[in-house]
Every structure is written in C-alpha cells, then in structure tokens.
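Q: The residues making up each chain are set out below.
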Amino acid sequence: MTGLRYVYAVCRPFSAPLQTQLKGVAGDPPRLLTHHGLIAVVSHVPERDFAEEPLRRRLEDLDWLTETARAHQSVIDALTVVTTPLPLRMGTVFRDDSGVRVMLEAREDDFRRTLDRLTGRVEWGVKVYVDTEPEERDAPAQKPASGRDYLRQRRMRVRANDDMWQQTEEFADHLHAALSAYADDSRLHAPQNPALSGVPGRNVLNAAYLVARNDSEEFVELVDRSKDETKVSIPGIRVELTGPWAAYSFAGEET
Amino acid sequence: MTMAGRLPEPYGQGSGANLADILERVLDKGIVIAGDIRINLLDIELLTIKLRLIVASVDKAKEMGIDWWEDDPALSSGARRKELARENAELRERLARLEPGREEERREEERREEGSREVGRRQARRHDAGRREARRHEEEEAP
Numbered sequence: 001m002t003g004l005r006y007v008y009a010v011c012r013p014f015s016a017p018l019q020t021q022l023k024g025v026a027g028d029p030p031r032l033l034t035h036h037g038l039i040a041v042v043s044h045v046p047e048r049d050f051a052e053e054p055l056r057r058r059l060e061d062l063d064w065l066t067e068t069a070r071a072h073q074s075v076i077d078a079l080t081v082v083t084t085p086l087p088l089r090m091g092t093v094f095r096d097d098s099g100v101r102v103m104l105e106a107r108e109d110d111f112r113r114t115l116d117r118l119t120g121r122v123e124w125g126v127k128v129y130v131d132t133e134p135e136e137r138d139a140p141a142q143k144p145a146s147g148r149d150y151l152r153q154r155r156m157r158v159r160a161n162d163d164m165w166q167q168t169e170e171f172a173d174h175l176h177a178a179l180s181a182y183a184d185d186s187r188l189h190a191p192q193n194p195a196l197s198g199v200p201g202r203n204v205l206n207a208a209y210l211v212a213r214n215d216s217e218e219f220v221e222l223v224d225r226s227k228d229e230t231k232v233s234i235p236g237i238r239v240e241l242t243g244p245w246a247a248y249s250f251a252g253e254e255t
Numbered sequence: 001m002t003m004a005g006r007l008p009e010p011y012g013q014g015s016g017a018n019l020a021d022i023l024e025r026v027l028d029k030g031i032v033i034a035g036d037i038r039i040n041l042l043d044i045e046l047l048t049i050k051l052r053l054i055v056a057s058v059d060k061a062k063e064m065g066i067d068w069w070e071d072d073p074a075l076s077s078g079a080r081r082k083e084l085a086r087e088n089a090e091l092r093e094r095l096a097r098l099e100p101g102r103e104e105e106r107r108e109e110e111r112r113e114e115g116s117r118e119v120g121r122r123q124a125r126r127h128d129a130g131r132r133e134a135r136r137h138e139e140e141e142a143p
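Line order of the protein sequences matches chains A and B.
Sequential numbering of the first sequence, starting at 1, is according to our numbering.
Sequential numbering of the second sequence, starting at 1, is according to our numbering.
Read the hints as simulated data drawn from the structure, not as lab findings.
Just so you know, even glycine gets a beta-carbon here, dropped at the ideal spot from N, CA and C.
Take these hints with a grain of salt, some might be off.
Said to hold, decoys possible - Interface residues of chain A toward chain B, partial, derived using beta-carbon atoms under 8 angstroms:
#1 Leu38
#2 Ile39
#3 His72
#4 Leu88
#5 Gly91
Kindly generate the complete structure, drawing on both the sequences and the hints.
A: Written as structure tokens, this is what we have:
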C-alpha cells in the first residue's frame, strides 16, 4: 500500500454508517482501522504533500492549510453525528497502518479514559462581542463651543465608554458563570482576532462548554435567552453560539 | 454504540463556519500525538498575520471561497478595500521583519524539541499572549 496515513480521530466502534461520499484531506475517503477495540479514523495521503519536508512547506501555504483544515473538520463533524470522536491535532501522520496500530496500543489507556469522560457529550462555542466604537452610536456630539466644552464632552464620552466596558465585562462573567454551571466542563480561549474571524466588534468572551447531547437543547435555549436579554439591556453586545463541535477543547489533558 | 439523535440543529457551522473557529480547534486543540512525520504547526501570531494578508487580498480570498464580507457593508465599501490594501502593505513589512528571526528560532527549536511537549508549552504561551493582548487593548483605549 502506498502513501502515508493521516489520522483524524480515535473512537470506539460504532454501528451507524458514516455519511457516504465523505472526502477527507487529499480527497481520500476516511477509513476505519480497528485495533484492540479502538478505531483510528485514517486517510491515505500522498508523500508528495505529507512527508516531512513537503508538509512543512505546505503548512505555510494558506490556501492549502485552509482547505486541509476544513477537510479535517468535515470528517470530525461526520464522526460526531454517529459517535464521540477524540479529535487529534491536525497533521498527525504515520508511515503505515502498523505505525497507527503501535500508537493506538501505546496510548490505549489514555484514549479509553478520555473516551469515558467525553462519551455522549459535545462542545458548544459561545462568544460575546462588543461594538468597539460606542460613541459613534450615540448622537453626534455638538461642536464644542470652547476648549473647556471640548474637554467636558470628551470626559463624558470616556465615562460612557468605561460604563459600557464594565457592563460588558459583567455580562460576560455572568453568562460564563451561568453556562459553566449548566455544562459538565468549560474552557476559556483567547479572544479571536477580528481580522481573522471577519466578525466585526471586539471579542470579549471566547469560551467552550462540554455539554451532554441530551442536555444540548436546553443549553442552546439558555444561550438564546441571554441573547434576548442583551438586546434589551445592553446595546452593542452580541452573543454568538457555534456547534455542536466534537469535544476538541476537552480532548487534551484532564482537569 | 449509537447516539441519541437529540442534537439541536448546527449553529454557524458547516462550510459557512468562521475560519477562525475552525482553525482555532483544528490547529490549536485536539490531542497532540507525535506521529512519524514531525512538524511544527505555525506559531499563531505568524499564522494570523499571514491569514490577514490573504483576507486583505480580496480576489484571492474570493477564490478560496471566503466571502463573508460581501454581506458586511462596513467591509464591502471601496474605502474599506483601500484600507485593507494599506494594511496589507504594513503586514507584509511586519512579516518580513518577523520571518528571518523565526527561521533561526525554528531551527534551534527543532534541534531541541522532542515532539509534543513543546507544542503544549507554546499553546499555554499563546493563550497567555491572547489574554495579555486583550488587556493591552483595554489599557490603550483607557484615557
């Protein structure tokens, strides 16, 4: 068999069929490699892109990186529909099937422990954004009549700005506390860069919550209610929900 | 093993998912395993700058199917494009300044690095850096 083995995830055997026509990285359909009662989900990938040297170069090629990241995610996504996958970091590559088996065997206990912890659970992402220029929302200030007038107007703007930040922070803390109490686990991630995400406003909360599938509907309602609350009480704040994701943020070290 | 089919409909996911959301998880989260092929994933700051370059070049991004700004009046105006072109030039400069140093750093790292341990540390630093940056923004905007 030619080519290398790209591993997406490890999971337990599952009975439901994977979505047909599913294409993984490099266009190869994901295959299931069973060993010791665990499954590694792998694709055959060409050496010309995934051997050490070319892969290093490829990762600097953003078209390729984006395409590969999306392909990786779409396989994880398809797995999430039928089972609980442990997603591996993008770019985990072995020479052949036996290399993958050796890895499965070496980490067997870890995988089982983590699978026990995550089974039946998914990840939801919640972000809070705030418009960065609140003063523009207010009515345009009158032209200051004097220097003192200017300073007074400026002071008022600064104060309004401070108030808004404080409100935003309180809201984000409150929301995170409420959602954490409901979820089985949570992680705070670094705020996203608006230039990268393409989302206007500043990202003040970027959190991930581990939630049981069966509780997910209620969790989503909880987030939806907070959206409604913000609309009435604090202008300029937005709550955004993404998911369900595989438990990416919780697959690593235990807490 | 089967799953209860009671998952709510996906929110903001699929092909329309925010690229940052996907990269954040696929590149930065998940289980780190040293495979047979040893690689260093891009430092997140460098990656961000590079991605901004792509986004800044509108036609390029369209080619890639990144077109979220078309629904965003703040981004689709000509003025905004000019702003992007300027930012593009600035970022290229910054990138040029960052790259040579990084090359050396990476070579050294490769000599020392033993697989995933470094990745873990880098991730922790990255996270701290993100927090620090958020704080710095706040301070800058304070009077």
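Q: Checked against the structure, which of the hints given earlier come out wrong?
A: Numbers 1, 2, in rising order.
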